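Those protein sequences? They're chains A and B, same order as listed. For the first sequence, this note's numbering begins at 52 and goes up steadily by one. For the second sequence, this note's numbering begins at 158 and goes up steadily by one.
The set of hints was computed from the structure by calculation and includes no laboratory data. There could be a bad hint or two in this list.
As the list claims (entries may be wrong) - Listed below are the simulated DSS-like cross-link pairs for lysine-lysine, each with C-alpha atoms no more than 30 Å apart in a straight line: (1) A:Lys244 - B:Lys658; (2) B:Lys185 - B:Lys160; (3) B:Lys566 - A:Lys140; (4) B:Lys623 - A:Lys186; (5) B:Lys566 - A:Lys186; (6) A:Lys301 - B:Lys507; (7) A:Lys244 - B:Lys654; (8) A:Lys186 - B:Lys225; (9) B:Lys185 - B:Lys197; (10) A:Lys186 - B:Lys654.
To be verified - Here are some, though not all, of the chain B residues that point toward chain A, as calculated from beta-carbon distances under 8 Å: (11) Leu223; (12) Thr227; (13) Thr339.
All values derive from a computational prediction rather than experimental measurement. Ideal Cβ placement from N, Cα and C applies to all residues, glycine included.
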Amino acid sequence: MTEKNNSTQNGHDPSRRNFLKNTGLVVGGVAGGSLLGGFFTNQSRSNDEGKENTETDSKNAHPARARMFFGRYEDFIVLAHAAELIFPKDDNGPGAIELDVPYYIDKQLAGTWGVNGDDYRQGPYTELEKLKKLKDDDKANHTRSNRGKIFLEGLRKMNAESKKRFDISFDEASEEQKSEIMSDLENGKLEMKSIPSEGFFALLKQATLEGAFCDPLYGGNKNMAGWHMKEFGGAQMSYANVIESEEFVKMEPVSLTEYQRNK
Amino acid sequence: MAKELKKVDAVIVGTGWAGGITAAELTKKGYKVVSLERGKEQSREDFIGAKDELKYSIRYDMMQDLSKDTVTTRTSMDETARPVRNNSHARIGNDMGGASVHWNGVSLRWLPYDFEIRSKTIERYGESKIPENCTIQDWGITYDELEPYYDKFEKTAGVSGEVNPLGHKRSDGYPNPPLKTTPSIELFKKAATNLGYHPYRLPAANMSQQYTNPDGETINACMYCAFCEEYGCDFGAKGDPIVTVLETAKKTGNFEIRNESTVTEVIHDGTKAIGLKYIDNITGQEFIQPADIVVLAGFVFTNNKLLLKSKIGKPYNPETGEGIIGKNFTGHFSNISTYIGARGFFNDEKWNLSMGTGALGATVDDFSGDNMDHTDLDFLHGYEIRYYHLGQRPIDNNHVPEGTPAWGKEYKEKNLFYHNRNLIIRAKTGFLPNRYTYLDLDPTYKDELGDPLIRATVHYEEQDIKRAQHGVERCKEIMTEMGADIVDLIDVPDDVKFDHKFYTNHFLGGAIMGKDPATSAVNTYSQMWDMENLFVLGGSSFPHNSNHDPTETIGAFAYRASEGMITYLEGDGGLLVEAKQTSNA
Numbered sequence: 052m053t054e055k056n057n058s059t060q061n062g063h064d065p066s067r068r069n070f071l072k073n074t075g076l077v078v079g080g081v082a083g084g085s086l087l088g089g090f091f092t093n094q095s096r097s098n099d100e101g102k103e104n105t106e107t108d109s110k111n112a113h114p115a116r117a118r119m120f121f122g123r124y125e126d127f128i129v130l131a132h133a134a135e136l137i138f139p140k141d142d143n144g145p146g147a148i149e150l151d152v153p154y155y156i157d158k159q160l161a162g163t164w165g166v167n168g169d170d171y172r173q174g175p176y177t178e179l180e181k182l183k184k185l186k187d188d189d190k191a192n193h194t195r196s197n198r199g200k201i202f203l204e205g206l207r208k209m210n211a212e213s214k215k216r217f218d219i220s221f222d223e224a225s226e227e228q229k230s231e232i233m234s235d236l237e238n239g240k241l242e243m244k245s246i247p248s249e250g251f252f253a254l255l256k257q258a259t260l261e262g263a264f265c266d267p268l269y270g271g272n273k274n275m276a277g278w279h280m281k282e283f284g285g286a287q288m289s290y291a292n293v294i295e296s297e298e299f300v301k302m303e304p305v306s307l308t309e310y311q312r313n314k
Numbered sequence: 158m159a160k161e162l163k164k165v166d167a168v169i170v171g172t173g174w175a176g177g178i179t180a181a182e183l184t185k186k187g188y189k190v191v192s193l194e195r196g197k198e199q200s201r202e203d204f205i206g207a208k209d210e211l212k213y214s215i216r217y218d219m220m221q222d223l224s225k226d227t228v229t230t231r232t233s234m235d236e237t238a239r240p241v242r243n244n245s246h247a248r249i250g251n252d253m254g255g256a257s258v259h260w261n262g263v264s265l266r267w268l269p270y271d272f273e274i275r276s277k278t279i280e281r282y283g284e285s286k287i288p289e290n291c292t293i294q295d296w297g298i299t300y301d302e303l304e305p306y307y308d309k310f311e312k313t314a315g316v317s318g319e320v321n322p323l324g325h326k327r328s329d330g331y332p333n334p335p336l337k338t339t340p341s342i343e344l345f346k347k348a349a350t351n352l353g354y355h356p357y358r359l360p361a362a363n364m365s366q367q368y369t370n371p372d373g374e375t376i377n378a379c380m381y382c383a384f385c386e387e388y389g390c391d392f393g394a395k396g397d398p399i400v401t402v403l404e405t406a407k408k409t410g411n412f413e414i415r416n417e418s419t420v421t422e423v424i425h426d427g428t429k430a431i432g433l434k435y436i437d438n439i440t441g442q443e444f445i446q447p448a449d450i451v452v453l454a455g456f457v458f459t460n461n462k463l464l465l466k467s468k469i470g471k472p473y474n475p476e477t478g479e480g481i482i483g484k485n486f487t488g489h490f491s492n493i494s495t496y497i498g499a500r501g502f503f504n505d506e507k508w509n510l511s512m513g514t515g516a517l518g519a520t521v522d523d524f525s526g527d528n529m530d531h532t533d534l535d536f537l538h539g540y541e542i543r544y545y546h547l548g549q550r551p552i553d554n555n556h557v558p559e560g561t562p563a564w565g566k567e568y569k570e571k572n573l574f575y576h577n578r579n580l581i582i583r584a585k586t587g588f589l590p591n592r593y594t595y596l597d598l599d600p601t602y603k604d605e606l607g608d609p610l611i612r613a614t615v616h617y618e619e620q621d622i623k624r625a626q627h628g629v630e631r632c633k634e635i636m637t638e639m640g641a642d643i644v645d646l647i648d649v650p651d652d653v654k655f656d657h658k659f660y661t662n663h664f665l666g667g668a669i670m671g672k673d674p675a676t677s678a679v680n681t682y683s684q685m686w687d688m689e690n691l692f693v694l695g696g697s698s699f700p701h702n703s704n705h706d707p708t709e710t711i712g713a714f715a716y717r718a719s720e721g722m723i724t725y726l727e728g729d730g731g732l733l734v735e736a737k738q739t740s741n742a
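Same shape as in the complex, but just chain A:
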C-alpha cells in the first residue's frame, strides 16, 4: 500500500528508485527504463554524428517516445530487438529502432488496432489446430485473443526461449542467438497458446514495416528516413509535371504535417 501511494506522486522524485530498490520490488524495470533511453539515443547519435544530442536530455525528447501500451520495459526491449532484427540498421540507413518502430507499435497496440476494434468479434472463433491451416496473415484475425495479447504472449515467449536456451535475455543475446529464435518463430516452432507462432511473426513483421514506412504522424519513420531509403515521395501535391520523365526523379519526401500546413 505504501509504495502505491508513493509512486503516484513521485514521477520526478530521485528517491523513488532508491525506495523501490530498498523495498526489493523492482530492479529491472526502473533501471532498464533509463537503459532503453540510452540505447535509443546512442543509436541516433551515432547515426547523426551528434546532431541530435538534445534527445539525450529527456526534457527535449519527443513526447511520443514514451510507452503507452507496454507496461513492462522487459517486453518493450524484446520488441525493439525483434523489430531491429527484421529491419536492421545497415549501410542504406537506420533500422527499426532508430526509425522509432517500437514506439510506433506501442501506440498502435494502445489503440483500436490493438483491441481489434474494427473487426468482427463474435464467436465461435477458430481453434489453434485449425488456425495452423489458415494463411499466416489471417491467423491473427481468427483467434479469440486480440493483437495486444498476442504481442505480449509472443514477445514473452521469445524472451523465455532465449533464457531457456542461452541463459540470457533476448535483448542481451547475440545476433546469432536472436536469429535462431526469430527463425523458429517464423517457422511455427515456438509454442504459443493464442496463435501458431508463424502467425505472430507475420503480425510482427507487418507492424515493423508499417512503423518503418508510415507517415511520421504515427510516431514511426523518424525523420522520414524510411521514405528516404525507398526514395518515396510521401504526400507530394502533384507529379503531373514529372511523371512522364524517362529519368528517375529524386524528390525530397513530404510528410502530412508539412502538406497540411500548406492547405
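Starting from the known structure of chain A, arrange chain B on it as the hints suggest.
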C-alpha cells in the same frame, strides 16, 4: 415501433454509382427521391490531404465496418463457414458514394460475348463445350442495346481513354484523351506489341484534363499523386458519385440523402413493395419510408441479404438447382482472378514508381472473353493482361525476389534496392458461375442487429483454374520480353481453393437478370419479375463475371433501369418487358 414517414416517389438503398445515377435521373425528371445510406456523410473536403497510406490502405478507413456487419465464407457446402473478421480480407465500400469513391477508375465496357454468352458459346463450339456444373446464361440483352447507356456513363464519369483496337462498336469516342504515359507503361506496350498482341491504354475515370460533364458537373485534372484507389480524391479529379450524380441530384431540390440509415427490410404485400424499413444508427429509432418504387442499389451482399430477409423471390437451392436468390455468385477472386501474374525484378532499370493514379496503365484484350479460339482449350471465357502504374506506396509494397529471406539484412537490402525496380503484370480473369458457388444466410453468425450474416460458398471449377493458369503463362511471356532479370510468378496451383478474400469490390450475382422468370430475378431494366415496383440494381444482377471490371457495366445498367423506372412512373405500372420462357433453364 417503426415510425411511418410521408410517401415519396422513390426510395433507394445505397449511394454508389447505381443508386447515385438513379437518384440523378429521377430527380431531374421532377420525382422526389430519398436515398438511405448506412455510412457517414462525405464530401470532397473529407479527402483534402488524405495522402495517408496507413489510414486508408492498411487500416482501410473507407471500407465497411466489419465489427457491425460482415460476410462468412467457405469453399464447399460441407464446410462450416467462418466470418471475414478484418478488412485486410474484405475491402468492401462504405459511406456516401460507396466503393465508387475509392475506386481505381478503370472504366471498361464488357464484350458482346458476355451478354449472349450461352448462345454464342453453343453457336461456336456446340453445347457440349459448356462444363456440367457451369450455369452460364444469356442476359436477355445485347451489347448493341446496352451501348447507348455505356456512352452515357462514360460522359458522366468523364472517362479518359483511347479506343481499344480489338473493341466493339461505339457510338462515340471517349470524352477525354488518355492519361499521361510513363516509361514502364511504354515498355509493357512495346513488349506486348513485339509478341503480336494489341495493347491499349486503360480507360480511366481519372481526368486527363479538367472536364465538365453533360449534367454540368466539373471534375478537375488528375495530379498523379498516387493516392487514388482506396482513397477519396484530394483534388476532385476522379469521376465518382460525390462530384457527379449525387451533386446533380442535390441541385434539383428533389433529393434527400439520409446517412447513418441502415435498411433492414423491404416492406411488401406479396405483390408490391410498400417501402423500406430502416434504423437510424445514431438514435436507434426505426422508420418506414413508403414509396411508389423501391430501389435496392446496395453492394451484392446487401441486396441479397435484403431480398432473402424480406422473403422476396425464391432462395436458390444448390442441391436441386432450383430457386434464384443467391444463385450465380461470381467475382474477381484474388487468387484466381486479380492478384496473379508475373513480377519482374530489373537490376539496371529504375522507374518513378512513387507516382501514378488509379487507372493509369495499359491492357491487352487479345485473350478477353471469346477473343481467342477456345476449341482446343479446356475452359471458356478469358483474361486481360494488365499493367498498372498506380503508385507504389511503401508499406504495401515490399517485394523481394523469391528465395530472399523474409527478414534481416538481405531482406532489407533487396527490399530497398528493388523498390523502384520491380513491375507486376497481372492476368485479370473472368469467372463463370457454377452450381455450387452461391449466397445464402449463415446459420450461426449474426450482424450487430441480430440478423444472419450473408454466407458466400465459393467453389472453383477446373475451368476457372485452367483459365487462370493460361493467363499467368501469358504474363510470364510478356514480362520476359520486357527484359526483367528475375521473373517470379504469382501462380495458380492445380488444387487452389478460394482464399476467403474479397479484395476488390467486383462481386456479382444472386439477383441475376434474364428473359425468363424461371431463371432470373430481374429483367434487363433491373425490375423484379415477382414485384413490379421493386428494382434491384448493381452487380447483384450480373449472371456471370467478365474479365473486365464491372463498374462501367453497373453504371450503364443503372441508366437503363432509371429509364425503365421513369416509364413505369409515367405509365400505369406493369412489367417493362415481357417475360419469355427460354430453353437454357
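field: Hints violated by the structure (numbers, ascending)
entry: none
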